[in-house]
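Novice: Now for the letters of each chain:
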Amino acid sequence: MIYDILRQRRDIILKKWIDTALDQYFSGNLKINDNDRFGNPVAYSISGGFETILDEIVAETHTARLDDALEEIVKIKSLEVEKPSMAVDFLLRLKTLIQNELADSAQNGISTGEMEKLNNDIDNLILSAFDIFMKCREKLYEIRSKEFIKRSYKLLERANITGPAPRQKGEVDDEIG
Amino acid sequence: MNALYALFVVILLLLVAWIGIGTVNLHILFGIVLPYLAFAIFVLGFFYRIIKWAGSPVPFRIPATCGQQKSLPWIKNSKLDNPHNAFWTIIRMALEILTFRSLFRSTRAELRDDQRIAYGDTKWLWAGALAFHWTFLIIILRHYRFFAEPVPGFVLFLQNIDGLFQVGLPVVYITDAVIVLAATYLFIRRVFIPQVRYISLFADYFPLFLIGGIAVTGILMRYFTKVDVSAVKELTLGWINFNPVAPEGIGIMFYLHLFLVSVLFAYFPFSKLMHMGGIFLSPARNLANNNRARRHVNPWNYDVKTHTYEEYEDEFRDVMKEAGMPLEKE
Amino acid sequence: MSDEKLKSDQVADIDYNPPVKGWMDTKPAFRKGIFNYPAVVASEKYLDLPFSRKWDPREDDWKLPENWKEIVLETLKDLLKKYRSFKVFMDICVRCGACADKCHFYLGSGDPKNMPVLRAELLRSVYRNDFTTAGKLFGKLAGARELTEDVIKEWFLYFYQCTECRRCSVFCPYGIDTAEITMMGREILNRLGLGIDWIVTPAANCFRTGNHLGIQPHGFKDSVDFAVDDLVDAIGIRVEAPINKKGAEVLFVVPSADYFGDPHYFGFLGYLALFHEIGLDYTFSTFASEGGNFGLFHSAEMIKRLNAKIYAEARRLGVKWIIGGECGHMWRVLHQYMDTMNGPADFLEEPVSPITGTKFENARSTKMVHVAEFTADLIKHNKVKLDRSRNDHWIVTYHDSCNTARGMGILDEPRYILEKTCNYFYDMPENTIREQTFCCGSGSGIGTDENLEMRLRGGFPRGSAVKYVREKHGVNLLTCMCAIDKATLPAVMDFWVPGVEVAGVHEMVGNALVMKGEKRSGDLRGQPFKGEEVKEHV
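Protein sequence lines, in the order shown, are assigned to chains W, Y and D.
Per the numbering used here, numbering of the first sequence is gapless, rising by one per residue and ending at 177.
Per the numbering used here, numbering of the second sequence is gapless, rising by one per residue and ending at 330.
Per the numbering used here, numbering of the third sequence is gapless, rising by one per residue and ending at 538.
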């Protein structure tokens, strides 16, 4: 029942969801309308990913495609925001959007069981998104250390042959951050 | 907001001319003094700006190359996009100026994930800009008929082509319709594409409204309110013979048109419209990519503090010696 | 929005069309991961740079010199007088927006101030305010704004969020070159002592020791000797790699990462093997042990100071001409600046390949030939024997480096080499390669650790194009001819397209090269050739 309504309103929900995400992503309500895969990869990933996620929710499935889509979106977010809460909020938005869409159909007898299941599904996605976010941040640290090694990998193999520019006496150069 | 200001200013300008002619009868001012003044500002300002630009040297030859360089004889050089001599640079510039090639470039082949080739907004930008500029040019050339007696052949030719469809009486010029549409399109995209709206300044809307106003007043007087064309020609010929008279009864629409044109001319040198001259001077485009074949001279090239080999060897002589490397001084 | 705390009631109340604050009213925000650390004092002092001091971009007080405003305006005036490009670009933009979605940083970050047009407006607004009649008369209506400390902070953030890749310039109807504008912006910042460390310290090292890492002459020799040893293991031949050899025919200058970075190093082995096989009479120089030039990211004067050593060494060593290794910004300098700044190189001879007799007429004034031009010519004349199947474990695509694509146009030489050395070569989609190539996101001195998040965002368009060919053709190797690409694309690949490695074009040459007396079972990385690994198991 609830899923029938969602299937009917899938296009509206998807459009609103993508629009809000892009509005939020491109600070100051900016978005590039055109979502060419190479010309505008962020919009492409977000709209494609959202479509996959919504379709799987509506179809009550959970395939590898869903995981991939979720990962792609959270990956982008992990570079954008520092806090996981900000990285997963797009799923909360979906929840709200769906609730709003269902609000006027409330009288049509939506079973609480179905509603609960839907909410659970989305909640589980939020949990997965948290995990992916942490994985991405870890990946960033891994990349940082790998890069450090790679950049001077032959030098590290045989140390003691580099010398920094001569320092003034008594001067300490500690990096900030 | 900027758009509203710009619209407001253009309306204000129209009111000024309306009151000046309609109620205060300042025909001499609006018909002779202001046009002369505007023209003088335009010519002097335009050349002043060009001379000022040209006054700064081009220290480095920095063309942006958009194709294969000329290197080995068997590798095909993209002469147009990466010209290696003056001739091809001129062709590159000419195509840029006449066909807006770079704007067109951004519309080329955007591969969608379903393997279709798609074109984005920029295609429309290219088409709109091209239509706008070309019709503008044709319209200006058509106006030459007011400044020459007899009317030269090329002007008549343009008029004939432009009015090819023979619709209505007087014949409707295609360019009149196109320029209004193109200006409208350029305005609409400025307002409706979020990024473009975000970057748009008052100075971007104002010329659009001004030119739009000129086009609309021109169209109104040609097709609707009608003006005394022979009186107009008397005025325009008077200007160029430096014997100007401001005949009565031309009709107010003409003065509105003329005043906006005067404002445009006077505004031109102070505005972004100077891109008309600047495009010729863009060092990223108007230079040949033959840097390694022909030396480019920088007029202000000055000596800088360098680290010489001698200083270097002095610092590292011991370690170099130890490593068995050849030295200048033992 | 993204920096604000999320409340549940906010979520419920989504505003589809929030009002837009004008860009002039939006202040820059310095968040970790998207800006670079300031230069260390010692490096700045070594180069005699003004106003060296310790400061932190995240603090309110940047300890600007007292007369900073005066300095900025004086510098602007000076630059406008010196550069027609700058003057014209300040005046003629019509804000058509054609460039907006051409910048990898805009596409990857969505920050409107990363639209090339707006990046330039950051400077233009000040220019209008203080240098144009319209700006003086009409202020904000004419797009002018007051020069404040916030403006300087904004410049620091966004002129170090531009990789000077020139992609936007390709699409601009007037060719307005944001690289040029960014360079001017950085000149101004540097005169206020607002340099970043990953530019100033390599420049200082390079000034002193001839290379970015500050490797001293014996260290350089060690590195090369080590490479020769490694090559014995890989090909079974001990090649000669002369250093500071007077009277050699050719001086060979590479970016310094070539002899210590991964994967640069394998391409370096490729050069050594190739030059040995054809018997080229060449030498390295310890003093000119770096072709790369971090001065390009600092100021015109710094370019010249660092670049001077190349011609100086060519003269001292008495070579006839020069070959330059694979590098992007190095070649922007060599191609577009070197001859003008430190030429004329009339003490050198017009380059002629001693192997094929080809005259490199395109380099007859500068006397410096790109190694890919040199190698392509060798291959064309069948002077080297190549076995493409030795690269069969790689499915290869090619990333054009911004500087060599849009500041030079060396597009088909590397592709020719790759086609002759690899059986599986597939280009990425048309609007992501050649003159439309996407940047690695780390060029122009911002490829730092602290800036990683921003870099990866900038690298997203490139990553997405690689992902496409990976899905379509199974690509597992991204080749390129740029030291910065080789240093930073591995991170981009690792994050966006795991499973794709990065390599130089001459690594492919080194692998495919069939040498006299060679003993090989694997490639220069020590990996077995395809087919060989089966034998090993048997």
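Derived by calculation from the structure, the hints in this document are not laboratory data.
Check each hint, because a few of them may be wrong.
Claimed, not checked - Pulled from the structure, derived: some chain D residues nowhere near chain W, Cβ distances all over 12 Å:
{"hint": "1", "residue": "F51"}
{"hint": "2", "residue": "K81"}
{"hint": "3", "residue": "A134"}
{"hint": "4", "residue": "L147"}
{"hint": "5", "residue": "T148"}
{"hint": "6", "residue": "D150"}
{"hint": "7", "residue": "E154"}
{"hint": "8", "residue": "D222"}
{"hint": "9", "residue": "P263"}
{"hint": "10", "residue": "H264"}
{"hint": "11", "residue": "G279"}
{"hint": "12", "residue": "Y416"}
{"hint": "13", "residue": "E419"}
{"hint": "14", "residue": "Y426"}
Unchecked claim - Distance condition first, Cα-Cα at most 20 Å in a straight line; then the derived EDC-like pairs of lysine to aspartate or glutamate:
{"hint": "15", "chain 1": "W", "residue 1": "K135", "chain 2": "W", "residue 2": "D123"}
{"hint": "16", "chain 1": "Y", "residue 1": "K52", "chain 2": "D", "residue 2": "D78"}
{"hint": "17", "chain 1": "W", "residue 1": "K146", "chain 2": "D", "residue 2": "D449"}
{"hint": "18", "chain 1": "Y", "residue 1": "K52", "chain 2": "D", "residue 2": "E74"}
{"hint": "19", "chain 1": "W", "residue 1": "K95", "chain 2": "W", "residue 2": "D121"}
Said to hold, decoys possible - Just the calculated beta-carbon pair ranges, DEER-fashion:
{"hint": "20", "chain 1": "D", "residue 1": "H473", "chain 2": "Y", "residue 2": "A94", "range": "36 to 42 Å"}
{"hint": "21", "chain 1": "D", "residue 1": "G236", "chain 2": "Y", "residue 2": "E311", "range": "37 to 43 Å"}
{"hint": "22", "chain 1": "W", "residue 1": "K15", "chain 2": "D", "residue 2": "E501", "range": "38 to 44 Å"}
If you're wondering where the values come from, they're calculated on a predicted model, not measured in any experiment.
Just so it is clear, CB atoms sit at the ideal spot from N, CA and C, and this is done for glycine as well.
Novice: Each of the hints needs a verdict: does it hold here or not?
Specialist: Consistency of the hints with the structure:
1. F51: Given a closest Cβ separation of 16 Å, the condition holds.
2. K81: Correct as stated: the minimum Cβ-Cβ distance to chain W is 33 Å, above 12 Å.
3. A134: holds (26 Å)
4. L147: holds (23 Å)
5. T148: holds (20 Å)
6. D150: holds (17 Å)
7. E154: Holds, since 14 Å exceeds 12 Å.
8. D222: At roughly 6 Å from the nearest Cβ of chain W, D222 of chain D sits no farther out than 12 Å, so the non-interface label is violated.
9. P263: violated (8 Å)
10. H264: violated (9 Å)
11. G279: holds (26 Å)
12. Y416: holds (24 Å)
13. E419: For E419 of chain D, whose nearest Cβ neighbour in chain W is about 23 Å away, the distance exceeds 12 Å, so it holds.
14. Y426: holds (15 Å)
15. W:K135 / W:D123: holds (19 Å)
16. Y:K52 / D:D78: holds (14 Å)
17. W:K146 / D:D449: holds (11 Å)
18. Y:K52 / D:E74: holds (18 Å)
19. W:K95 / W:D121: Distance of about 10 Å is within 20 Å: holds.
20. D:H473 / Y:A94: 36 to 42 Å: Given about 40 Å between the Cβ atoms, the range holds.
21. D:G236 / Y:E311: 37 to 43 Å: Given about 42 Å between the Cβ atoms, the range holds.
22. W:K15 / D:E501: 38 to 44 Å: holds (40 Å)
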